[in-house]
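Participant: Chain by chain, the residues run as shown.
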Amino acid sequence: MAESELLSVRDLSMRFGGLLAVDQVNMDVRSGEVVSLIGPNGAGKTTVFNCISGFYRPTSGEVVFKGRPMQRLPGFKIARAGMVRTFQNVRLFKEMTVIENLLVAQHMQTERNLLKGLLLTKGYRRREQEVMERAAHWLERVGLIDFANREAGNLAYGQQRRLEIARCMVTQPRLLMLDEPAAGLNPNETRDLNQMIVRLKQEEGITVLLIEHDMSLVMDISDRIYVVNQGKPLADGTPQEIRCNPEVIKAYLGEE
Amino acid sequence: MDELLYFLQQTINGLTIGSTYALIAIGYTMVYGIIGMINFAHGEIYMIGTYIAFIVITGLAMMGIDNTLFLIVAALLVSMIVASAHGFAVERVAYRPVRGSKRLIALISAIGMSIFLQNYMRLAQGSRDKAIPNLLPGGWEFGGKGFVVNLSYMQVIIFVVTLLSMGALALFISRSRLGRACRACSQDRGMANLLGINTDLVISMTFVIGAALAAVAGLLLGMYYGVVNPYIGFLAGLKAFTAAVLGGIGSIPGAMLGGLILGIAEALTGGYLSSEYKDVVAFGLLILILLFRPWGILGKPEVEKI
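Top to bottom, those sequences are chains A and B. The numbering used here applies: residue 1 is where the first sequence begins, and numbers increase by one. The numbering used here applies: residue 1 is where the second sequence begins, and numbers increase by one.
Heads up, a few of these hints could be off.
Quick list of in silico lysine-lysine cross-link-like pairs, DSSO-like style, CA-CA up to 30 Å [what the hints assert, rightly or not]:
id: 1; chain 1: B; residue 1: Lys300; chain 2: B; residue 2: Lys278
id: 2; chain 1: B; residue 1: Lys102; chain 2: B; residue 2: Lys300
id: 3; chain 1: A; residue 1: Lys232; chain 2: A; residue 2: Lys66
id: 4; chain 1: A; residue 1: Lys94; chain 2: A; residue 2: Lys77
id: 5; chain 1: A; residue 1: Lys77; chain 2: B; residue 2: Lys102
id: 6; chain 1: A; residue 1: Lys250; chain 2: A; residue 2: Lys77
id: 7; chain 1: B; residue 1: Lys130; chain 2: A; residue 2: Lys94
id: 8; chain 1: A; residue 1: Lys66; chain 2: A; residue 2: Lys201
id: 9; chain 1: A; residue 1: Lys94; chain 2: B; residue 2: Lys102
Over the 10 Å line for every Cβ pair with chain B, so calculated as not near, a few chain A residues [stated by the list, open to error]:
id: 10; residue: Gly18
id: 11; residue: Ser31
id: 12; residue: Arg85
id: 13; residue: Met96
id: 14; residue: Glu100
id: 15; residue: Ala105
id: 16; residue: His107
id: 17; residue: Glu130
id: 18; residue: His137
id: 19; residue: Gln159
id: 20; residue: Arg167
id: 21; residue: Leu217
id: 22; residue: Met219
id: 23; residue: Asp236
Hints listed in this document are in silico derivations from the structure and should not be mistaken for laboratory results. Owing to the predicted nature of the structure, the values given are computational and were not obtained by experimental measurement. Cβ coordinates follow ideal geometry from the N, Cα and C atoms, glycine included.
Let the hints inform the model, and build the full structure from the sequences given.
Facilitator: Below you can see the structure in the form of structure tokens.
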């Protein structure tokens, strides 16, 4: 395994009863890349995500992140290792305010010592301050600073999507996994999302793993693309290679 | 005038009982809010809390300590700690291993745990009633020539301690880092976990808090009624459960409100009808709320999660 590989998925399989939803998938994501995972509906893309992020426990195979095996760890430890994700549907804490959503995501960075918290020690206040500032910084970046005290569930759909990305970012991840972030967005919002991902990559050096159906977005921002079909890996390569791959065209469009 | 004073007396009695129901109900509602199960062993945790308070008070009294404040504080602390340990252990032993399975399985596990705890206390302490001394006899009397309203010191203590506990809980939930994590878990446990929150720890903490509050209720009600036996947990648990459902299960303010309403309804029934109808009214209320507003007074209608 090369040194620069941040995430490496080896022979990942996931079985639900009689259904083999993911069959021997291999993936490598290098630091600083934007990698997309595409495939027709029901191909098992989200299941791959669920296995990597610890939402499911894979039936077999390995997930290595920063050189450490992840596949047996609970989700919260995987998140603390620096891998954080969104879901296809918006999963904000809808009854909490926008800012609280960002504070709770920094749970692991905030002061654990209850006594220090009660005594309001300097270290405690400094850390609370940092947490607050980071939350404000990201609200600013996704353009939601004016909505900080609004209940998250009352935001418009596009805003909720942006808040989800901000909530991921305050955890200071190495790898950001986005599951269909453009779903339900209008063309303008999709363009904004495109720019945001590019900026995250350039300015924060963040690595992105993306599931997306919007092909123009995928082709535009991906460094590399993996294609799965019916749970099996079908192809991988640069956007140019994928676009011309006859297998991929067949899987998407059917045979002539 | 007498009519009014009589009503006032019943309301005071109702608020006293109701606030302890509310304390116990919080344990049901918090656990339900986070893992969606009814912890039917919670009433037994309350019973254990009462026993521990009884043991501490009589033990210290036998050693010759008779400072009332010291006795109450010691009994409160020890019973909260021991009950919390039980709450924690019950979750680890009986609920965590079956968490992924169907709801019915967890429910049966809870009922089994309830029977186990009841009998474990029966073996340890015997099944006869034990008397808990009232450390704060007396009270205030006021009223006219006819009916005299009694407000005992014990009732005042019950209000004050309940209010303080609820205030502390409300602050904890709304302000603290763990309280925030707790709310996040009750809204979306899977997501909270994937954001780095140790959800198992939050669940354990919920059981511990619920048990500690039940122990507070155990001490207060034990001193108020003056007796404890291994069977008190069953009825108190059912009443508190009713209170939680009445207020809207999953909602903490709902549990507080439900407890008070239930307490007052019972006291008024006892005062105007017959105390034998108390339970009929309490559980009649449960049936009515389940029929007409199953999500309770302050709860929200549940949207089926797929």
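Participant: A separate judgement is required for each hint: does it hold in the structure or not?
Facilitator: Results of checking the hints against the structure:
1. B:Lys300 / B:Lys278: At roughly 28 Å apart (the allowed maximum being 30 Å), B:Lys278 and B:Lys300 satisfy the hint.
2. B:Lys102 / B:Lys300: 23 Å, holds
3. A:Lys232 / A:Lys66: 25 Å, holds
4. A:Lys94 / A:Lys77: 24 Å, holds
5. A:Lys77 / B:Lys102: At roughly 26 Å apart (the allowed maximum being 30 Å), B:Lys102 and A:Lys77 satisfy the hint.
6. A:Lys250 / A:Lys77: 40 Å, violated
7. B:Lys130 / A:Lys94: 49 Å, violated
8. A:Lys66 / A:Lys201: Status holds; Cα separation ~18 Å.
9. A:Lys94 / B:Lys102: 26 Å, holds
10. Gly18: 20 Å, holds
11. Ser31: Answer for A:Ser31: holds, closest chain B Cβ roughly 21 Å.
12. Arg85: 6 Å, violated
13. Met96: 6 Å, violated
14. Glu100: With a cut-off of 10 Å, A:Glu100 comes too close to chain B, as the shortest Cβ separation is near 6 Å.
15. Ala105: Incorrect as stated: the minimum Cβ-Cβ distance to chain B is 5 Å, not above 10 Å.
16. His107: 5 Å, violated
17. Glu130: 13 Å, holds
18. His137: 18 Å, holds
19. Gln159: With a cut-off of 10 Å, A:Gln159 remains clear of chain B, as the shortest Cβ separation is near 18 Å.
20. Arg167: At about 7 Å from chain B, A:Arg167 fails to clear the 10 Å cut-off, so the statement is violated.
21. Leu217: 24 Å, holds
22. Met219: A:Met219 clear of chain B: closest Cβ-Cβ about 28 Å, beyond 10 Å.
23. Asp236: 26 Å, holds
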